[in-house]
Amino acid sequence: MVLLKIKFPFQKRVRLAQGLWLLSWVAMFSGAITFAMGVFLKTELHRRSEVMHSMDIHIVPNLLMAVGLASVGINICAGKVCQDSLDPSRFPRWKTFLPPFFCFSVFITSLLLVAMILSFALQPSLEESLKIGLKNGIRFYKDTDTPGRCFQKETIDRLQIEFQCCGNTNYRDWFEVQWISNRYLDFTSKEVKDRVRSNVDGRYLLDGVPFSCCNPASPRPCIQYSLLDNSAHYNYEYQSEELNLYNRGCRQALVNYYMGLMNTIGPCVLFDFLLQMTILVSLRYLQTAMEGVIGQENVEIETEGYILEKGVKETLLETKEKMKKILQFAQVGDASAVTPDTQPDAEKPATA
Amino acid sequence: MAVLPIKFTKTKRDRLAQVLWVLNWISVVTGIILFILGIFLKVEINKRQDLMAERQLQSVPNMLIAVGLIACMINFLGGKICYDCVDTNKFLRWKLVMLPYIICTFFFTLSVLVGALMCYSMHGQLEEALTVGLRDAMRYYKDTDTPGRCFLKRTVDLLQIQFQCCGNKGYRDWFQIQWVSNRYLDMSQREVVDRLRSNVEGKYLMDGVPFSCCNVNSPRPCIQYQITNNSAHFNYDYQTEELNLWMRGCHQALLDYYTNIMHSIGLTVLIIWLFELSVLTGVRYLQTSLENVLRQGDPECESDGWLLENSFVETARSNFNIIKHLGKFNQISSNGDPNIDKPSTAHYGPDNVPLKPLPTAS
Chain U
1 MVLLKIKFPF QKRVRLAQGL WLLSWVAMFS GAITFAMGVF LKTELHRRSE
51 VMHSMDIHIV PNLLMAVGLA SVGINICAGK VCQDSLDPSR FPRWKTFLPP
101 FFCFSVFITS LLLVAMILSF ALQPSLEESL KIGLKNGIRF YKDTDTPGRC
151 FQKETIDRLQ IEFQCCGNTN YRDWFEVQWI SNRYLDFTSK EVKDRVRSNV
201 DGRYLLDGVP FSCCNPASPR PCIQYSLLDN SAHYNYEYQS EELNLYNRGC
251 RQALVNYYMG LMNTIGPCVL FDFLLQMTIL VSLRYLQTAM EGVIGQENVE
301 IETEGYILEK GVKETLLETK EKMKKILQFA QVGDASAVTP DTQPDAEKPA
351 TA
Chain A
1 MAVLPIKFTK TKRDRLAQVL WVLNWISVVT GIILFILGIF LKVEINKRQD
51 LMAERQLQSV PNMLIAVGLI ACMINFLGGK ICYDCVDTNK FLRWKLVMLP
101 YIICTFFFTL SVLVGALMCY SMHGQLEEAL TVGLRDAMRY YKDTDTPGRC
151 FLKRTVDLLQ IQFQCCGNKG YRDWFQIQWV SNRYLDMSQR EVVDRLRSNV
201 EGKYLMDGVP FSCCNVNSPR PCIQYQITNN SAHFNYDYQT EELNLWMRGC
251 HQALLDYYTN IMHSIGLTVL IIWLFELSVL TGVRYLQTSL ENVLRQGDPE
301 CESDGWLLEN SFVETARSNF NIIKHLGKFN QISSNGDPNI DKPSTAHYGP
351 DNVPLKPLPT AS
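Protein chains in written order, with our numbering: chain U, 1 to 352; chain A, 1 to 362.
Since the hints were made in silico from the structure, they are not lab data.
Any given hint could be a false lead.
Cβ pair distances, simulated, as ranges [as the list claims (entries may be wrong)]: (1) U:ASP201 with A:ASP237: 27 to 33 Å; (2) U:SER240 with A:THR131: 35 to 41 Å; (3) A:PRO147 with U:ILE117: 49 to 55 Å; (4) U:LEU274 with A:GLN162: 38 to 44 Å; (5) A:THR281 with U:LYS42: 49 to 55 Å; (6) U:ARG172 with A:GLN226: 25 to 31 Å; (7) U:MET259 with A:THR281: 54 to 60 Å; (8) A:GLN162 with U:SER226: 25 to 31 Å; (9) A:LEU69 with U:CYS103: 32 to 38 Å.
Some chain U residues close to chain A (C-beta under 8 Å, calculated; not the full set) [unchecked claim]: (10) THR144; (11) ASP145; (12) LEU159; (13) ILE161; (14) ARG172; (15) PHE175; (16) ARG183; (17) ASP207; (18) PRO210; (19) PRO219; (20) ARG220; (21) PRO221; (22) SER231; (23) ASN235; (24) GLU237; (25) GLU241.
Even glycine gets a Cβ: it sits at the ideal position worked out from N, Cα and C.
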């Protein structure tokens with residue numbers, strides 16, 4: 001029972017081959033664009049890798065790059081096959097090549113869908129990675145003299161300015177961390193000693209934030225220190241003051257940014273996937289239609305094209321049988337090459 | 001004695017016409033590039049319009065835009081002409097147009113050169129505009145409640161962050177103006193009143209700068225207030241501290257930025273000018289060689305092409321005479337030159353004749 005049979009007269013075959021050749025060129029460009037988008041996404045993720053703890057999310061751009069490259073190759077092959085299908089004498093040489101080619105192409109194309117699904121599924125992982133990375137960045141903000149951490153201050157400052165955000169979840173994250181290095185604290189002053197003694201870990205905590213949290217859109221000069229103390233500043237109330245600092249947390253800002261990027265790339269990837277599947281299905285029809293022509297005297301006869309010769313279940317069973325035969329052939333091949341002394345060893349795989 | 005004559009065989013003429021056709025199309029593309037460069041410059045200047053005082057800065061990008069558009073049109077026409085020049089019959093169509101076309105294009109290339117030179121000369125106007133503009137922007141930094149100036153604080157802050165600069169010439173410019181609005185000053189405090197009284201104009205001046213002057217590369221948290229007071233901060237010496245604030249002035253930063261853009265654009269326009277000039281020379285050679293072919297009568301023969309038929313001096317003299325005669329054409333001449341005083345053959349009736357009964361029209 002043939003799957004999705006279509007009749008192909010000669011003209012229709014020719015039209016199919018020509019249209020498919022053109023489409024394969026379009027798909028080649030589409031594959032190149034997918035590759036470019038993968039590269040772009042990877043560079044964007046790499047730029048902020050200092051505030052990311054794990055690299056799990058990198059699998060999405062990696063998949064896009066790999067599939068983009070592979071699809072360029074697949075479409076070149078498809079174009080060649082289309083060109084040769086118009087000449088019945090050249091077509092037979094593709095006969096053994098095409099079935100594994102189809103399996104490989106379908107697998108590669110489905111990876112595009114996998115990439116799209118992963119870009120949504122890995123969002124919690126991205127958020128978690130950013131949470132830990134930002135927490136470390138804020139914790140090591142003051143360690144500008146420790147090798148390996150000296151860049152954290154600059155990274156966090158630039159990040160907060162560029163993404164217009166402050167702290168991990170919001171600006172209060174800075175109140176829980178000592179972000180001023182001991183090198184710049186006067187330990188003879190009473191205020192410093194009081195603050196350091198006021199908590200268990202002996203940290204200098206204050207209700208202040210670094211300058212990079214300041215919002216340029218605020219109508220008044222930035223208030224960074226004594227943020228929770230209304231009396232420290234004239235005409236200031238921290239509960240109603242919204243423009244002084246950035247209200248957003250950097251984790252949320254970065255997640256939004258990357259999700260926005262992936263949502264923009266999503267439709268292009270989907271389009272590429274649909275285009276590629278269309279090409280593969282049409283190529284399968286062309287191949288099966290041409291197989292009816294091979295060996296015939298008159299090349300202009302009408303033939304049938306189909307996706308699978310038998311039903312899905314039967315094809316799967318057949319493939320399983322074929323695989324078993326190939327494996328057995330490999331084992332038997334090994335056994336016959338071995339000398340008679342080691343025959344008991346050769347018996348073993350058969351009984352395993 | 002012709003200027004720079006070259007012999008052209010038929011194949012050489014045809015090759016020249018084809019090459020010029022391609023080059024004219026490339027010139028159309030360069031015309032589009034000029035147009036895009038003009039628009040880019042216009043956008044860049046408009047982006048920072050708040051920081052520049054009113055000067056004639058818009059003339060340069062407008063010139064580039066106009067020149068780019070005209071270049072497209074002229075080269076499109078030139079391409080059409082060169083395409084037709086391969087066939088001597090079609091050349092006859094363009095014969096009368098070609099010389100005026102070449103003269104127009106020559107003057108147009110002069111305007112391209114003027115455009116390129118204007119790019120380099122804009123430097124002086126830009127410097128003046130920036131000095132005044134930045135000074136005013138800093139002065140109105142605190143006026144976030146005055147309509148028309150309320151955005152200046154944000155503009156200056158974003159400028160200092162993006163260009164990594166502070167103040168007009170340096171951070172000390174902020175010490176001389178009041179950048180904290182009176183709305184946020186507690187007039188009942190002694191310190192505030194003292195500061196206000198300490199200068200003639202009653203301005204609240206202090207040795208502090210806005211947060212946007214802070215340098216992100218500094219190893220210590222930013223010191224914005226009491227900058228010149230070493231004892232106010234632990235382990236701090238303002239004379240040796242270089243990483244705390246941005247050291248560059250915004251005037252210098254913006255000037256460098258715009259000068260870079262202008263120099264790149266000027267260089268590109270110069271290269272385009274040279275290209276246009278070479279295309280024009282080719283078209284001139286093509287025109288003169290085809291005219292000589294027509295003069296000799298045989299389309300397949302070899303002909304000479306040149307830039308000018310006679311030497312520079314003679315050509316200048318003859319052109320000057322033509323212009324003189326053109327001027328004389330407007331005056332009533334009693335020289336008896338038959339070409340000018342040829343009587344009109346239209347029957348309007350004779351002049352200066354006493355009234356007679358009207359003859360019937362003939």
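These are the hints, each one checked on the structure:
For the pair U:ASP201 and A:ASP237, the supplied restraint of 27 to 33 Å holds, since their beta-carbon distance comes to about 31 Å. Hint check: U:SER240 to A:THR131, Cβ distance near 40 Å, so the stated range 35 to 41 Å holds. Distance hint for A:PRO147 and U:ILE117: a CB-CB separation of about 52 Å, consistent with the stated range 49 to 55 Å. One distance hint, 38 to 44 Å for the beta-carbon pair U:LEU274 and A:GLN162, holds here, with the actual separation near 42 Å.
With their beta carbons about 50 Å apart, A:THR281 and U:LYS42 fall inside the hinted range of 49 to 55 Å. A C-beta distance of roughly 27 Å is found between U:ARG172 and A:GLN226, which places it inside the suggested range of 25 to 31 Å. The beta-carbon spacing between U:MET259 and A:THR281, approximately 58 Å, falls within the hinted interval of 54 to 60 Å. As the Cβ distance of A:GLN162 to U:SER226 is approximately 29 Å, the hint placing it in 25 to 31 Å holds.
The beta-carbon spacing between A:LEU69 and U:CYS103, approximately 57 Å, falls outside the hinted interval of 32 to 38 Å. A cut of 8 Å between beta carbons decides the hint on U:THR144: the least distance to chain A is about 4 Å, and the hint holds. Restraint check, U:ASP145 versus chain A: the minimum CB separation of about 7 Å is within 8 Å; hint holds. At about 10 Å, the closest approach between the beta carbon of U:LEU159 and any beta carbon in chain A exceeds 8 Å, and the interface hint on this residue is violated.
At about 6 Å, the closest approach between the beta carbon of U:ILE161 and any beta carbon in chain A falls short of 8 Å, and the interface hint on this residue holds. Of the supplied interface hints, the one on U:ARG172 is violated, with its beta-carbon coming no nearer than about 18 Å to a beta-carbon of chain A, more than 8 Å. Contact between U:PHE175 and chain A, as hinted, is not supported at the beta carbon level, the nearest pair being about 15 Å apart and thus beyond 8 Å. Hint on U:ARG183 holds. Least Cβ distance to chain A is approximately 7 Å, under the 8 Å limit.
Taken as an interface hint, U:ASP207 does not check out: its beta carbon lies about 14 Å from the nearest beta carbon of chain A, beyond 8 Å. Checking U:PRO210 against chain A by beta carbon gives a least distance of about 6 Å; that is within 8 Å, so the hint holds. Restraint check, U:PRO219 versus chain A: the minimum CB separation of about 4 Å is within 8 Å; hint holds. At its closest, the beta carbon of U:ARG220 sits 5 Å from a beta carbon of chain A; the interface hint therefore holds under the 8 Å criterion.
Below 8 Å, beta-carbon pairs count as interface contacts, and U:PRO221 has one with chain A at about 5 Å; its hint therefore holds. The closest approach between the C-beta of U:SER231 and any C-beta of chain A is roughly 10 Å, which is over the 8 Å cut-off, so the hint fails. Taking 8 Å as the C-beta contact cut-off toward chain A, the hint placing U:ASN235 at the interface holds, the least distance being around 6 Å. Interface hint at U:GLU237: violated, since its Cβ lies 13 Å from the closest Cβ of chain A, which is beyond the 8 Å cut-off.
Annotation: interface hint on U:GLU241 violated; nearest CB of chain A at approximately 12 Å, more than 8 Å.
Hint violations for this structure: numbers 9, 12, 14, 15, 17, 22, 24, 25, all remaining hints satisfied.
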